[in-house]
Amino acid sequence: MWRLMPGLALRYRTWDNETYVLYNNLSGDTHLTDAAAIEVLELLRQSPAAARSLLSALQLDDTPDSLAQLDSLLAELRGQALIESTPAC
Amino acid sequence: MLTVAHLTRAELGARLARDGIVLQTGGFLVHLHSSVPALADGIALMYRDYPLHPPGAFAHFRLTLHRPASLRRWYRPQVHMRFDGEALFKPLPLAHAFPMLEWGLNWCVANRAHRYLMIHAAVLERGGRAVILPAPPGSGKSTLCAALAYRGWRLLSDELTLIRPEDGLIEPVPRPVSLKNASIDVMRSYLADSDHAVFTVPVDTTLKGLVAHLRAPADAVARSSESARPAWIVFPRYQAGAPSTLEALPPAHTHMDLAKNAFNYSLLGARGFDMLADMVGNARGYRYTYSKLDEAIAVFDQLAAQP
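In order, the protein sequences belong to chains A and B.
If you use this note's numbering, the first sequence corresponds to residues 575 to 663, in order.
If you use this note's numbering, the second sequence corresponds to residues 2 to 308, in order.
These are calculated hints, taken from the structure and not from any lab test.
Hints may contain errors.
Claimed, not checked - Restraint ranges, calculated between C-beta atoms of paired labels, are given here:
hint, chain 1, residue 1, chain 2, residue 2, range
1, A, I612, B, A306, 33 to 41 Å
2, B, D279, A, Q654, 21 to 29 Å
3, A, T637, B, G128, 54 to 62 Å
4, B, Q240, A, E650, 32 to 40 Å
5, A, D603, B, A306, 37 to 45 Å
6, B, L170, A, R626, 47 to 55 Å
7, B, R116, A, A610, 36 to 44 Å
8, A, D603, B, S195, 44 to 52 Å
9, B, Q240, A, D603, 26 to 34 Å
Using N, Cα and C, we set each Cβ at its ideal position, and we do this for glycine too.
If we strip away everything but chain B, and leave its shape as in the complex, we get:
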């Protein structure tokens, strides 16, 4: 299968601008069309290992990122994004093109993939069992996820936990890990010994502060058709100076807290309730407070060693 890495940067840019490319991320095919060089740079860097399908192939989503033909093409240049021809977000500065694509891809899945029960949570796998990390922004979820993804756990997603209705398994959709503000330097330092940890240049966004992306490990991309059984639901919270503390959470409370983090729990109605309850009944719930990544890795290693 052709991957992004098979194309030179010039070929990738030309294809994106001409007919667009059909990029596969997990079970989703996305048609991307753009002549914005910063976007092609980001795709070349972050999506190197992802399959490419022929330009005319079926795509679940169609995204176009383009520069307007107005004065804004030159004066404080902007980028616009369209989903199936309709404007998706407000225009952003041109330098935000790659983060905008990532937000757009998240939006597409979160607003369209209702066949799954979707939880706003990072998710990783080890030995066929998945740990789900639901948490609001600022909880250190993505930082923890990035560390685990490069320390023995397989990245399934850093934002979207997709639970299949037919068997309750989690379907991977591994994409770059989004890091914000202080966590960017934390992870650069933490993963300094890894040749494979590649970051985008941080972009200063007004919406989320400083944003950078970390490439998903190649193994996670290669194994993106391998689903995993939910085994642990851990609500992480970073707290400066706090000792590493893992507390068991009763299933009913796990269910309630998980529902608050689901994108489409209400939309799925009774089916969503049953799916969530089935998952909670077969997994162990915890609250986890941490301040040091090495301590966190040790705790998650202990979880993985559970029978």
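For reference, chain A alone in the conformation it holds in the complex:
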């Protein structure tokens, strides 16, 4: 299960719905990111979710390739201290 970092305000802007700037109020960093990352973060804002649930919510096929891409994105978001995996899983 993945969830937003507790206390993350999820503040972002876009001017073309493709490239986004995202402010992390916990680290003070600003990240250049894309629509897929924002979509995942918005889903996790609603509730914690497992990777397969995220695939489904994103309307992606449950294939090894899709899962690998999502895992890579989740790892990137974790590296930016935007999300964390919950101890329950």
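Go by the hints and put chain B onto chain A.
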């Protein structure tokens, strides 16, 4: 309002040494106290058009530049600078007194004026709209800024872009333009036909190489209470022999690059993010490479003609 020009050089030197002077640059009042003649010379030459307030008036910053009472008063004489009584930089050779004052004034604003979002960028205005030129040293920012300031654009600042939180407008703080090394002769030659372009004698500093200052145009000083709306954000780069090339920069990239040039973006937190994003959303971003000032002026004239 009394200005520096109303005082003779002797009166200015005497006031500086006795009670100090309170000089207004943009929205800032600075109390300066010094008995260093080279500093009074620099102020008389570069700050001629700036208002002076009574010595006891409120000042945002208090700077003292003095010669030490030690042997260094005579042997390779130095100048020390104090900000609110505390040493600000390492002592420098006496001949560096005026550049030291300029660096000190920049330091005061950049480290104290956190009510603004502050970007390390030159900024100029035309028709109420401002062009912001953020760039690291060596990019030709100040050279371009100096040329524009004497070719139809109003100088708001060559170092400090101050964005007001309440309305997103840029507050001017026009001061002398700092020129370094080859750009000094470039600008002397470029502005040779202007009677109003006045330069200080270049000083050879170990820190930044050869440094000279160009007086801010009188009109820019007189209109320093007129704020401007950010309209263009242009990242300039001088490259010898390069053709004049203006490339649009997507807003998100403009935001990221601008944040890297801000003094207090991180300090302001979410407010800084929102202010920067609001500004980027209402301005056009570009990268600009140039080698010839006349070509650059033509490009900026085209920007000014945009609706």
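Exercise for the section: Mind listing which of the numbered hints don't hold for this structure, in increasing order? Expected result: none
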